[in-house]
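Chemist: Kindly produce the complete structure, drawing on both the sequences and the hints.
Here the numbering used here runs 7 ahead of the position in the sequence shown, where the first position is 1.
Source of the hints: derived by calculation from the structure; they are not laboratory data. The beta carbon of each residue, even a glycine, is placed where N, CA and C say it ideally should be.
Quick list of simulated restraints, FRET-style, between CB atoms:
| # | residue 1 | residue 2 | range |
| --- | --- | --- | --- |
| 1 | D32 | R58 | 27 to 35 Å |
| 2 | T56 | T31 | 17 to 25 Å |
| 3 | L35 | Q55 | 16 to 24 Å |
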Amino acid sequence: QSLDRELHDLIDEYVIAIAADSETDTILPVLDINKPEQVANFIHQWLQTSRL
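Modeler: Structural data, given as structure tokens:
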């Protein structure tokens, strides 16, 4: 629970996802830090959809 509070204090409009090794209470996507392919795929998809 304290981790959720610390994360809440750090999140601003520039944070697009959270990478963690435990569940967190957030509306943002939570990626498994132990699955680098999942993180890389998320970043790749985000970059593809964010291009102007």
